[in-house]
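> Counting from -18, one number per residue, gives the positions in the sequence shown under my numbering.
Quick caveat, the hints were computed from the structure, so don't treat them as lab data. There's no promise every hint is true.
Derived DSS-like pairs (lysine-lysine); straight-line CA-CA distance at most 30 Å [unchecked claim]:
1. LYS338 - LYS309
2. LYS334 - LYS309
3. LYS235 - LYS170
If you anchor each label on the Cβ, the simulated ranges turn out as follows [what the hints assert, rightly or not]:
4. THR266 - ASN292: 20 to 28 Å
5. GLY81 - LYS297: 42 to 50 Å
6. LYS326 - SER269: 28 to 36 Å
7. ASN292 - ASN143: 41 to 49 Å
8. LYS99 - SER237: 39 to 47 Å
Just so it is clear, CB atoms sit at the ideal spot from N, CA and C, and this is done for glycine as well.
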Amino acid sequence: MSRIQNRSSCRFMTFIGLFVSLFTNSFAFNDPTKELKPIPKKLVVLTFDDCNKSDRTFVADIIKQHGFGATFYVTEGLGFLNNKAYYTTWEEIRELHDMGFEIGNHTKAHRDVRSLTKQQLHASLDHIDLRCAQLGIPKPVTFCYPGFSHNLQAVEVLDENNYLFARRGVSPEYGDGGRGGPGPAYDPKLDHPLLVPTTWYSGPDSGFEDMKWAVSLAKDGKIAVLCFHGVPALEHPWVNTEQQDFIRYMKYLKQSGCTVISMRELTRYVDPSKRPEDPYAITRTRASLPLKRAQNAKANHALKDAARLGNIEDVKQHLEAGTDVNAKDDDGNTPLDWAVGGNHKETAVLLRKHGGKTGEELKAEGK
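Given only the sequences and the hints, what does the whole structure look like? Please build it.
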């Protein structure tokens, strides 16, 4: 009888701990009396998905050395429960929390949320919440959609669970071949906080130049949201990042003067209670833009092509979408160089109005 009472008492105390964690953590990061900071230029959100072993054995120390914030999205799906050579342990996840990093929810089993009922998704979220509570990790307040898939029902469930922000992928605005690529910048004035777009995710098909392009969008109130998987991704090579490349990426963020934060730290700059009535309005608008992008969605290359051809309407739309007006190709040429070289005077004037410069001008400025 006493053992039954002890088990009941243990379950009750776990529930109380989870409730207290939920209340205090949600209030701490969404205090309505807190004054928001202006969104600085080069504000970058750094995120890591799927509990890859390298999160603790390699990544955490690198980003800690740079003084960056970051979010690690936790799931017990994929190979987490059985393959500890490739995935972290819960003790290592607790260590990431102790290092000051955010632990976010990535669902219990990493299933496509579109395949789950509301009740199933609630239960999947609760499972990770409970595991965090058992280890003294605060209840997650941000979420990442497994496989980047999402729908309105999932947004509603996250709202019911008091999530502040949730990160999606790069589509439908940008094509996604599943091997890394660019996406739209997060615009808090337009994007729903539970559908924050990924501005770039690392993979074999998308490297340093695309990462720089993504960071260049972090201006005029917009924020660059970066996503990594394993460094290396031992079980999923299609989203792999080599360690030397990761070191280069982080060094660039530091030397460029970026402010690098976790998802939950967005509450310093963004009020997540302010949101559009239609969560998907902006994604439909962006996706409908008739931009001629390269097959791998490298928008800066597509802008170069539009400038080279003198297609002024496409150039306008790329600039309105936030494409870097001074993105250089492998030879150091900018869109303005291509417009001038093709004798497309109107296009060159338009690029100049948006701050466009030649490669030689940028070189003289040390850029």
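> Determine for every hint whether it applies to the structure shown.
Status of each hint after checking the structure:
| no. | hint | verdict |
| --- | --- | --- |
| 1 | LYS338 - LYS309 | holds (10 Å) |
| 2 | LYS334 - LYS309 | holds (18 Å) |
| 3 | LYS235 - LYS170 | holds (27 Å) |
| 4 | THR266 - ASN292: 20 to 28 Å | holds (21 Å) |
| 5 | GLY81 - LYS297: 42 to 50 Å | holds (43 Å) |
| 6 | LYS326 - SER269: 28 to 36 Å | holds (30 Å) |
| 7 | ASN292 - ASN143: 41 to 49 Å | holds (47 Å) |
| 8 | LYS99 - SER237: 39 to 47 Å | holds (42 Å) |
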